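Top to bottom, those sequences are chains A and B. Just so we're aligned, residue 5 is where the first sequence starts under the numbering used here, counting upward by one. Just so we're aligned, residue 3 is where the second sequence starts under the numbering used here, counting upward by one.
Everything labelled a hint here was simulated from the structure, so no lab data went into it. As the structure is a prediction and not an experimental result, all values here were calculated from the model. Any given hint could be a false lead.
[Unchecked claim] Here are the simulated lysine-lysine pairs, BS3-like style, with alpha carbons at most 25 Å apart:
#1 A:Lys66 - A:Lys48
#2 B:Lys44 - A:Lys31
#3 A:Lys48 - B:Lys3
#4 A:Lys31 - A:Lys66
#5 B:Lys3 - A:Lys66
#6 A:Lys55 - A:Lys75
#7 A:Lys66 - B:Lys70
#8 A:Lys55 - A:Lys31
#9 B:Lys44 - A:Lys48
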Amino acid sequence: NAGVMQNPRHLVRRRGQEARLRCSPMKGHSHVYWYRQLPEEGLKFMVYLQKENIIDESGMPKERFSAEFPKEGPSILRIQQVVRGDSAAYFCASSPPGQGNTIYFGEGSWLTVV
Amino acid sequence: KQEVTQIPAALSVPEGENLVLNCSFTDSAIYNLQWFRQDPGKGLTSLLLIQSSQREQTSGRLNASLDKSSGRSTLYIAASQPGDSATYLCAVLVSGGSYIPTFGRGTSLIVHP
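Only chain B is shown next, with the shape it has when bound in the complex (with noise of 0.2 Å):
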């Protein structure tokens, strides 16, 4: 059963720091990895998907890196700004069965200025 850990789960930086969040999976046959952004009360964004052949996704601030082998993901969030607050998480489809998603708890991130 593929299980899906975020750390750290909480997380206050100031506005301008470049940050990474955490994803790791415990088995690493997977379809491919989706990045979600989630605010307070609201259904989820998502903000990159990485297929399994990839090693790399990239939209404007943020960089997704895969490594497959070692069963993790990083989200790279450049020069932080407030509006970057939100929860981050991380959903992972395994190949075969029947192709559902499993979420991380998420990271809880908080820029303040």
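Extracted from the complex, chain A is given alone in its bound form (with noise of 0.2 Å):
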């Protein structure tokens, strides 16, 4: 059973591009997670999803990111017209279906914006 699946682990992009974050669950997870994490601060919550449904996104920035999870394929974390301030570390975790299960975390995406 593969662990939680995050590409591309290293991308680069000049301001103004796009970036695409795309996260596969561990099988069987229905739930997904998106945290930022910063250099020298903590995980910051941004986005939780179930299949085709956005549960939470109260820790989305208004502009420029957005997220699904469809019925089919993996997660994707979209951030439209890159500024520098985006660059972070993103981490996509999964969890089983039901409630306070473990959380799995993926290997995170290394957005660097130049």
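Each of the two chains sits in its own frame; use the hints to bring them together as a complex.
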């Protein structure tokens, strides 16, 4: 059973370009979480999704950021018109159906905006 | 809003010492608490999950305790080794709402030979 798979692991984008980060949850997991980690800071919650539904996006910036978790395929975190302040590590985590289960993290996607 | 604090922020110890890492949270109505380890440039690895009804969990040299009433959890590492060097994070899941884990900033641990 493969773990949570994130790609790309490293991504470089110029200011104004778009970044797309992908996350394939563990087999059988229907809950996906996205977190952002900045240097010397903790993990900040961005969005929580279940299949085809956004459950909580209270941590998402109001503009340029969007997320989806379609019925088929990976979850996508999309950042439009990237700025230097978007440079960070973006982590995806997944958990099985139900509440309060152990969550499992991917290895992260490191975005650098130049 | 749940706030999670981890003390100390950094710790450097010689090999063989027994360690205690602390995690405190402001809202005691939690569902569970999870401890993770993060190596530089890597994702988070789950170490222990304590449900709100439990007082402690053990895995090998690791023991995590939970005191909901005081809003605290401790991670005890016995006989530390250089391979234990990493950042340790705790995450708290609050009952009700949308069940989103809230993380502390972590304790950066260095165990030197």
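So, going through the hints one by one against the coordinates:
Taken as a hint, the A:Lys66 and A:Lys48 pair is honoured in the structure, with Cα atoms around 15 Å apart against an allowance of 25 Å. As the CA atoms of B:Lys44 and A:Lys31 are separated by approximately 21 Å, the hinted pair is consistent with the 25 Å bound. Straight-line distance between C-alpha atoms of A:Lys48 and B:Lys3 comes to about 14 Å, which keeps the hinted pair within the 25 Å bound. Proximity of A:Lys31 to A:Lys66 is assessed by CA-CA distance (about 31 Å); at most 25 Å being required, the pair is judged violated.
For the suggested pair B:Lys3 and A:Lys66, the alpha carbons sit about 20 Å apart, so the restraint of at most 25 Å is met. Pair hint A:Lys55 plus A:Lys75 holds up; C-alpha atoms about 6 Å apart against a cutoff of 25 Å. The straight-line distance between the Cα atoms of A:Lys66 and B:Lys70 is roughly 35 Å, outside the 25 Å bound, and the hint therefore fails. Between A:Lys55 and A:Lys31, the direct Cα distance comes to roughly 13 Å. Compliance with the 25 Å bound is thereby established for this hinted pair.
At most 25 Å may separate the alpha-carbon atoms for a hinted pair to count; B:Lys44 and A:Lys48 meet this at roughly 16 Å.
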